[in-house]
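Please model the entire structure based on the sequences and the hints provided.
What follows is the residue order along each chain.
There are 4 protein chains.
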Amino acid sequence: MKNTFGNSVSVTLFGESHGEMTGVVIDGLAPGIAIDTAFIKSQLKKRRPAGKTGTARKEADNFKIISGVFEGKTTGTPVCIIIPNEKANSSDYALNSFIPRPGHADYTANKKYHGFEDYRGGGHFSGRLTAALTAAGAIAISALKDKGIDIGTHIARCAKIDDRKFKDLKADIDKLNSLDFAVLDDKKSELMREAIISAGADGDSVGGILETAVTGLPAGIGEPWFDSVESMISHAMFSVPAVKGIEFGNAFKDINLRGSEFNDSFRMEDGKIKTVTNHNAGINGGITNGMPVTFRLAVKPTPSIFREQKTVDMLEMKDTSLTIHGRHDPAVIHRARVVVDSLTALVLCDILALRYGTDWLGE
Amino acid sequence: MKNTFGNSVSVTLFGESHGEMTGVVIDGLAPGIAIDTAFIKSQLKKRRPAGKTGTARKEADNFKIISGVFEGKTTGTPVCIIIPNEKANSSDYALNSFIPRPGHADYTANKKYHGFEDYRGGGHFSGRLTAALTAAGAIAISALKDKGIDIGTHIARCAKIDDRKFKDLKADIDKLNSLDFAVLDDKKSELMREAIISAGADGDSVGGILETAVTGLPAGIGEPWFDSVESMISHAMFSVPAVKGIEFGNAFKDINLRGSEFNDSFRMEDGKIKTVTNHNAGINGGITNGMPVTFRLAVKPTPSIFREQKTVDMLEMKDTSLTIHGRHDPAVIHRARVVVDSLTALVLCDILALRYGTDWLGE
Amino acid sequence: MKNTFGNSVSVTLFGESHGEMTGVVIDGLAPGIAIDTAFIKSQLKKRRPAGKTGTARKEADNFKIISGVFEGKTTGTPVCIIIPNEKANSSDYALNSFIPRPGHADYTANKKYHGFEDYRGGGHFSGRLTAALTAAGAIAISALKDKGIDIGTHIARCAKIDDRKFKDLKADIDKLNSLDFAVLDDKKSELMREAIISAGADGDSVGGILETAVTGLPAGIGEPWFDSVESMISHAMFSVPAVKGIEFGNAFKDINLRGSEFNDSFRMEDGKIKTVTNHNAGINGGITNGMPVTFRLAVKPTPSIFREQKTVDMLEMKDTSLTIHGRHDPAVIHRARVVVDSLTALVLCDILALRYGTDWLGE
Amino acid sequence: MKNTFGNSVSVTLFGESHGEMTGVVIDGLAPGIAIDTAFIKSQLKKRRPAGKTGTARKEADNFKIISGVFEGKTTGTPVCIIIPNEKANSSDYALNSFIPRPGHADYTANKKYHGFEDYRGGGHFSGRLTAALTAAGAIAISALKDKGIDIGTHIARCAKIDDRKFKDLKADIDKLNSLDFAVLDDKKSELMREAIISAGADGDSVGGILETAVTGLPAGIGEPWFDSVESMISHAMFSVPAVKGIEFGNAFKDINLRGSEFNDSFRMEDGKIKTVTNHNAGINGGITNGMPVTFRLAVKPTPSIFREQKTVDMLEMKDTSLTIHGRHDPAVIHRARVVVDSLTALVLCDILALRYGTDWLGE
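Chains as they are written, first to last, in the working numbering: chain U, 156 to 518; chain Z, 156 to 518; chain H, 156 to 518; chain S, 156 to 518.
In case anyone wonders, no lab produced these hints; they're calculated from the structure. Treat the hints with care, as some may be off.
A pair holds if it fits inside one copy or across any two, identical chains being indistinguishable in the list.
[Unchecked claim] Pairs of lysine-lysine residues, derived as DSS-like cross-links and limited to a Cα-Cα distance of at most 27 Å, are as follows:
| # | residue 1 | residue 2 |
| --- | --- | --- |
| 1 | LYS196 | LYS207 |
| 2 | LYS408 | LYS320 |
| 3 | LYS213 | LYS322 |
| 4 | LYS228 | LYS342 |
| 5 | LYS408 | LYS242 |
| 6 | LYS429 | LYS465 |
| 7 | LYS228 | LYS242 |
| 8 | LYS473 | LYS427 |
| 9 | LYS429 | LYS473 |
| 10 | LYS429 | LYS302 |
| 11 | LYS427 | LYS322 |
Printed below as a string of structure tokens:
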């Protein structure tokens, strides 16, 4: 399935940056999940560019739920959400069809779609489509929250500036979900914002690391081999534009530990089985152990920069150079955060519905 | 699909560590792919423990192909490969059913399967099942090789010792595929081996980083959103026991670059479009661009160590401790290498068959 | 996948009878397929109720393609088509939420969705959603036609009146595709129409048999066991509301033949291998043999009738009776015809794309 | 998925008629289902040829469960069952590779697999593979029985002889499941057997109709559009060799009724909602209504007959004729019966597990 993900709960994504609308269909959601329109709006706001840290294309994201909701609740049938593109300005992109922008999907789209692709503004590859994912994810996040499952993501690093680590997960997640620019340490938040603006002023861009924590997941969900929780989450996360790496816990650092240090001992705590440490990030053998699931994503610097870049002319098959105009972000990491939360929620709904049945999330 | 992965080409895995056999079904392979039994054997040998760097359980891996091959070639119907377990020694594992080993899947299996799981030797979660994946992967590797697509993996880091980086990919891949212990720098190879043996002597274990390169992939394969090449590969890789992280290229380091540094400029080279650098690891927007696809995997230290560890008694619901006996590896990274190559080949066969049709790999 | 069908080419359906819109996403269509808007309109017209043979709810079916098409051709990315509901009149359906109409899905929807379903006008179960399938199918039909594959369906039986059998398939398919009421024998067509109107005048309804023929399919497509061409087509056909049976060829009659009569002998014809008869309906072992694929569908009489019917009150849990008002069809078989053609085309696109790759249909 | 069917519970089939083994993997079965080896054997016996009504190839079906079962119960991990081919006699089939037998899959297999197929005895298309399905189905049948869901199938028609209709479903199903030749009326049973033997004596074969009833299914399972209960069952049934048609209830006859006759009125019965008639065969809008689910299958006469038949020589591309030797059945309908029960059980396990979660069947 090319643009569909999930089994018991599935998501289908469609649209192009400069087409009439983008949208999403979520199927398999339990009946009876309350739709919180204000929350969907607030989630979309987190994704929307703000001030100088984001692109000048400011879409209102006037989403419309056109199916699967009746009297304010999910019906159990497919929920389709459409979002019109109101501020597309295609004149900026006239050359892209045969002069591919470095780091973008222009070249690969051409190789896959043979020139029939809508190349304007990245077409189907545009981050614009993540607005629909965010709206869909907001419904999933609400449903999980009602089951005691919470998700929070912070910018752990941006432009070489590090946020503080997670401390009190509950308080940290609450704080993050109240912020549009999700950094735990307010001072670092300010520094990161400045660094993004500064990169933009240079006609350049920056990347970073997003770190996500999920609390409240029951032990025993996920599958042993190919549909491990790690497999399912990573599959979803590499759908987020600019994500190029994922580690559960802090794996790339912790592989330097010995087994005696890495292993998470079990102990009784208030009558429940817990682990003392959480190097395995809440997952053993692909299946949750009831501890928080945490992962970190490498987010590359935005490819759209305003400096002259070397590229090729695909018609003439010769070297050329390109200076991008148009409206772009000096960073997407702060906007990608809510997309990560959204896809995390959607993939967890899928895993939970497979395990506990299609009604579980709505009961 | 719990133990099945892939669409056009799919893999289904079954078996338990101490059951009678483990095995795999590969479906969707093109008809007419030659089966190289000697190559399958040599691949299984790479996975098999050797000397003091591996477990004392030395299985002969007497695999048998029981379907889908006729007169030495694939027929196009499902290929089932079975491998008997000949050296299982279950007496070592008598306690595991209710005293979970830290870092293993004992506890999560119990939460998922309610005590009905075959807990002996890790049961269905055992690395033993990767023998079947290796046999299946050997067929896929051969088929890809005939199409000019080569895969090679080295131990980039183990026990804090770094191998040299890839230089000449063709020569490096050839060298790696001739080695049982896949390290490019012979001196570092020796040091890593010593470090593994030393950890074993301490009753402890070590982990590291595997780095894989794939050359010869055509541009334009993969899907834009949920079935990006990164999504598909990562989904498969987290099926490899002990893998806890993946980065394409060197993403967790390179996110510190600015966009102007990270972007891979295009240029003409011998009449073909190439990129000057390869920070995007051969993939833009989820789709191959014709450059080598590279990724690195974080492999945790083996959880089986021979020191006393704290755990719980799940029957009595109280704290206890555990000292593991039995036969275990002080590291699995060197054995996991061929499993990574195998799953990479299988997932690429799936992506290619989807793109070019079910006959393509055999033509 | 609940409301998604297909692998290489997939269809996702959404919407409710009295919701704002219904729609469909088709993913996996090859890039470069020309969109013939006039043809889509003419297909929708075939589905639309006409005069006294159909419901008084006459929707204009003002479809809009909101993604996946650029400069008049498919891009290769998901095509989303939305169709607004403009003539929904919900006041007629106020009682349905707890007094289920016999033969409809009211009761089963309530059992599945626990009362959260949009019960108005059949909600998600409404034949209204087949408009979107028809629009999607029109694109698939065009694409197949360009490859020499033609599909035609006639009303083989309605209200006990039989159409003549297929004679010259090419001419018959051409004729059928030019008709809104698809009967080969003009006289029988008139009789069927009268019988439908007469049933409507009685406040009653009629059913019948649809017969479909597909010509031009290459030999060798389909899968041996679970994804046989029969399995795939039947899976899709039982999605058409009111379909309760399918036979390939004329199987329920021909099972009375002996093997020596039923078997289709092979012979050379103009240098090509053909069969003398076609009792197997173009399919052996689940795979096409190059002969026409034919199948017949049992279409039940429309459940909406205007007579008093016995039912239950689900709130009070007691017997009651019900007389349906509102706008309904005395038959749907003539309108279902184009839906059958559409789903046939979509499922064949899926099978062909799996076999020959994702570009094949557009090349 | 070519040889895999199902989502929450899936079945993967492999093997060839004259290969070393055939087998099946069932994944997604709940943990804790008791394995009744004697019942599996008795089910295999029903499928095995007996006396003159079946082929002279009498396989012992010495199945072996090699994974997924521990201490007599399912573990929740994939169950693989292998069955050796012990009586294959390939010398009978030497010509089949280029002189296709009419009615068989020889020709289509060659078109699909380009001559790489194992043509001996029908290869992967052989009814021999249904032994593995029967063994798998036996586990599913047991699990459903423990949940109060019963399945029974009779030969409703064979060689133009009709069995009596279902009367008391409970008693009829019990009787059928105790029989190896499943006919309700003992006299008709004798006549059918004689007719089969007589056809065999003529070197010919006969077909017929199988009718299945399922009782005890809860209301509210299945999906509205593409994964309707009818879609899922029909998809599975067309995997049974020789099945060419399916009708739910008696649809091809009942389409002649008017809506007022066909509609199934609801009424209260012992405090529960039932329907007065069951023309819809327990399914409305694709979803169960709690009444028995019934369907009838058209089973074609066995293609293997011992008379000279016209065919072609695919190497020489010229007309020729063929007289089949070897060991074949004058009918398969009586043997297909248990395969139908088995696949019905497997597909229902899938639908139920999707609805109620992966543990439900084992709880």
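Results of checking the hints against the structure:
1. LYS196 with LYS207: Close inside one copy (21 Å), not across copies (47 Å); limit 27 Å.
2. LYS408 with LYS320: both (15 Å within a copy, 19 Å between copies)
3. LYS213 with LYS322: Classified as neither: same-chain Cα gap 35 Å, cross-chain 45 Å, threshold 27 Å.
4. LYS228 with LYS342: neither (40 Å within a copy, 51 Å between copies)
5. LYS408 with LYS242: For LYS408 and LYS242, the Cα distance exceeds 27 Å both inside one copy (43 Å) and across copies (35 Å).
6. LYS429 with LYS465: between (54 Å within a copy, 12 Å between copies)
7. LYS228 with LYS242: between (31 Å within a copy, 24 Å between copies)
8. LYS473 with LYS427: Classified as between: cross-chain Cα gap 9 Å, same-chain 66 Å, threshold 27 Å.
9. LYS429 with LYS473: between (61 Å within a copy, 11 Å between copies)
10. LYS429 with LYS302: Only inside one copy: LYS429 and LYS302 sit 20 Å apart there, 35 Å across copies, limit 27 Å.
11. LYS427 with LYS322: Only inside one copy: LYS427 and LYS322 sit 21 Å apart there, 51 Å across copies, limit 27 Å.
In terms of the numbered hints stated before, the structure departs from hints 3, 4 and 5, listed from lowest to highest.
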